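There are 2 protein chains.
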Amino acid sequence: MDAKQWSAGEARRRIRSGKWTGPTAGLAIAHAQANLVAVPREHAYDFLLFCQRNPRPCPLLEVLDAGKVEPDCARGADLRTDLPRYRIFRDGRLDAEPEDLEAAWRDDLVSFLIGCSFSFEAPLLAAGLEVRHLSEGRNVPMYRTARETRSAGPFRGPLVVSMRPFARTEVARAVEITSRYPRVHGGPVQVGEPGALGIADLARPDYGDAVTVKPGEVPLFWACGVTPQAALVAARLPFAVTHAPGHMLVTDLPCSGPFPGDLA
Amino acid sequence: MDAKQWSAGEARRRIRSGKWTGPTAGLAIAHAQANLVAVPREHAYDFLLFCQRNPRPCPLLEVLDAGKVEPDCARGADLRTDLPRYRIFRDGRLDAEPEDLEAAWRDDLVSFLIGCSFSFEAPLLAAGLEVRHLSEGRNVPMYRTARETRSAGPFRGPLVVSMRPFARTEVARAVEITSRYPRVHGGPVQVGEPGALGIADLARPDYGDAVTVKPGEVPLFWACGVTPQAALVAARLPFAVTHAPGHMLVTDLPCSGPFPGDLA
Numbered sequence: 003m004d005a006k007q008w009s010a011g012e013a014r015r016r017i018r019s020g021k022w023t024g025p026t027a028g029l030a031i032a033h034a035q036a037n038l039v040a041v042p043r044e045h046a047y048d049f050l051l052f053c054q055r056n057p058r059p060c061p062l063l064e065v066l067d068a069g070k071v072e073p074d075c076a077r078g079a080d081l082r083t084d085l086p087r088y089r090i091f092r093d094g095r096l097d098a099e100p101e102d103l104e105a106a107w108r109d110d111l112v113s114f115l116i117g118c119s120f121s122f123e124a125p126l127l128a129a130g131l132e133v134r135h136l137s138e139g140r141n142v143p144m145y146r147t148a149r150e151t152r153s154a155g156p157f158r159g160p161l162v163v164s165m166r167p168f169a170r171t172e173v174a175r176a177v178e179i180t181s182r183y184p185r186v187h188g189g190p191v192q193v194g195e196p197g198a199l200g201i202a203d204l205a206r207p208d209y210g211d212a213v214t215v216k217p218g219e220v221p222l223f224w225a226c227g228v229t230p231q232a233a234l235v236a237a238r239l240p241f242a243v244t245h246a247p248g249h250m251l252v253t254d255l256p257c258s259g260p261f262p263g264d265l266a
Numbered sequence: 003m004d005a006k007q008w009s010a011g012e013a014r015r016r017i018r019s020g021k022w023t024g025p026t027a028g029l030a031i032a033h034a035q036a037n038l039v040a041v042p043r044e045h046a047y048d049f050l051l052f053c054q055r056n057p058r059p060c061p062l063l064e065v066l067d068a069g070k071v072e073p074d075c076a077r078g079a080d081l082r083t084d085l086p087r088y089r090i091f092r093d094g095r096l097d098a099e100p101e102d103l104e105a106a107w108r109d110d111l112v113s114f115l116i117g118c119s120f121s122f123e124a125p126l127l128a129a130g131l132e133v134r135h136l137s138e139g140r141n142v143p144m145y146r147t148a149r150e151t152r153s154a155g156p157f158r159g160p161l162v163v164s165m166r167p168f169a170r171t172e173v174a175r176a177v178e179i180t181s182r183y184p185r186v187h188g189g190p191v192q193v194g195e196p197g198a199l200g201i202a203d204l205a206r207p208d209y210g211d212a213v214t215v216k217p218g219e220v221p222l223f224w225a226c227g228v229t230p231q232a233a234l235v236a237a238r239l240p241f242a243v244t245h246a247p248g249h250m251l252v253t254d255l256p257c258s259g260p261f262p263g264d265l266a
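In order, the protein sequences belong to chains A and B. Our numbering puts the first residue of the first sequence at 3, with every later residue one more than the last. Our numbering puts the first residue of the second sequence at 3, with every later residue one more than the last.
In short, the hints are calculated from the structure, not lab data. It cannot be assumed that every hint is accurate.
From the derived model, a few chain B residues whose C-beta atoms are all more than 10 angstroms from chain A [what the hints assert, rightly or not]: (1) 6; (2) 20; (3) 94; (4) 108.
Distance ranges between label pairs, derived from CB positions [unchecked claim]: (5) A:238 with B:110: 33 to 39 angstroms; (6) A:177 with B:178: 43 to 49 angstroms; (7) B:195 with A:6: 19 to 25 angstroms; (8) B:240 with A:198: 48 to 54 angstroms; (9) B:264 with A:72: 38 to 44 angstroms; (10) A:72 with B:12: 49 to 55 angstroms; (11) B:235 with A:238: 38 to 44 angstroms.
None of these values were measured; they are calculated from a predicted model. All C-beta atoms in this analysis are idealised placements derived from N, C-alpha and C, irrespective of residue type, glycine included.
Pulled out of the complex, with its shape left as it was, chain A reads as follows (with noise of 0.2 angstroms):
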């Protein structure tokens, strides 16, 4: 079957079993996808805070209780083998990129699961648009800004954007699309001006692949669920652990919703 069309439980097994081990973008693509942070507990208001106070680049779909591994929107999951790529980062550094946490884990970890927008690629698709990373087989493309975030403790640092480019007669349409979906990133922040957000190169990302931007398209950007790596970064953590950029959790949930808490 096509890796579009599996389940979210069927792709999560596929990764844990070391089947699938590359980027989750267009994977059961009829389910939210999920960026990882987990940090010690000692560190977790301020990460929690730095969530609130950024909610464009880190929607919330789920935070754990410390040392727990099985979230309530991936039931059966384990979030230290269901992903296909880890970060570990000490002292604020990136110390490897493990296929796994076994090793890694440790028992007074939260973990936050942020929105991703890979999940309003299928509601894109199905309107008829091209989703260029998708048909070039890659990564999405992900950018540093010069855009600040709204700190929160020792958690600072640049805004980061995935960028998908659209024909011009687009553009219109993917801004509405993807705006139906703020759980999951919502609607871009910038419209055709990387340079508005100190971007230098579209051809050169911070994190992912480049894509072709094709003469007379116009690259939209999208608030990103990597941006608290790099705000790991700034707050020079002892330890913390990631997804690797790309490299998602994949949900039970719904692309389209409802999410956790948006029925009372």
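With the hints as your guide, set chain B onto chain A.
Relative to chain A, chain B alone:
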């Protein structure tokens, strides 16, 4: 000048000077109002998590750093004096209802400002709908429900809702309008069935005042920022302060947003 038309600063000055001591419904109606919860820093993580897990009753507009009393969303304001009435909780019990917090304030208090449904009453009025508690010059009626919130640490308890009655022909419009304002509770959580929420008698609200429900009218129920007060009681915190139900902070924010964080 009509109190409806006051600027946010004017409303806060009148409240601070003791010239306005009642509920704030209908005051400076162009501006969003906010519920206040302030807890000692050691309990702030669990309370922030409670808000994250219950965004419908607890949509956070701002979280101040410990000890701070001037919110970004209400420049020049002082949270200790600029609400008409407060509640002081000790060991989970309501201990006092003072008109200011000058004696009770502690520098380890973290203040949470939570969106308030008074903020969507201006758009309801602008659409030609009657907001009953405003026409009757009363505080909005609020009820504890049989629906449980999602717990975080010691915080748990019932969802609290506010109620506004509308003619059958106006129900769809009232839902549509309020659904546009998720940062101030959004659309109703229940339409027309108080029993489904475990509310036995509309004439006996748990907070605020009863209002007339005319024959044939439908009661609509919105998640309410008084929900945390029930959770504070359940948590038996040694010390916490809140606004008195209906006696809110008038912020500088326009009712229709943007709210902090809406733009990255």
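So which hints don't hold here, by number, going up? 5, 6, 7, 9
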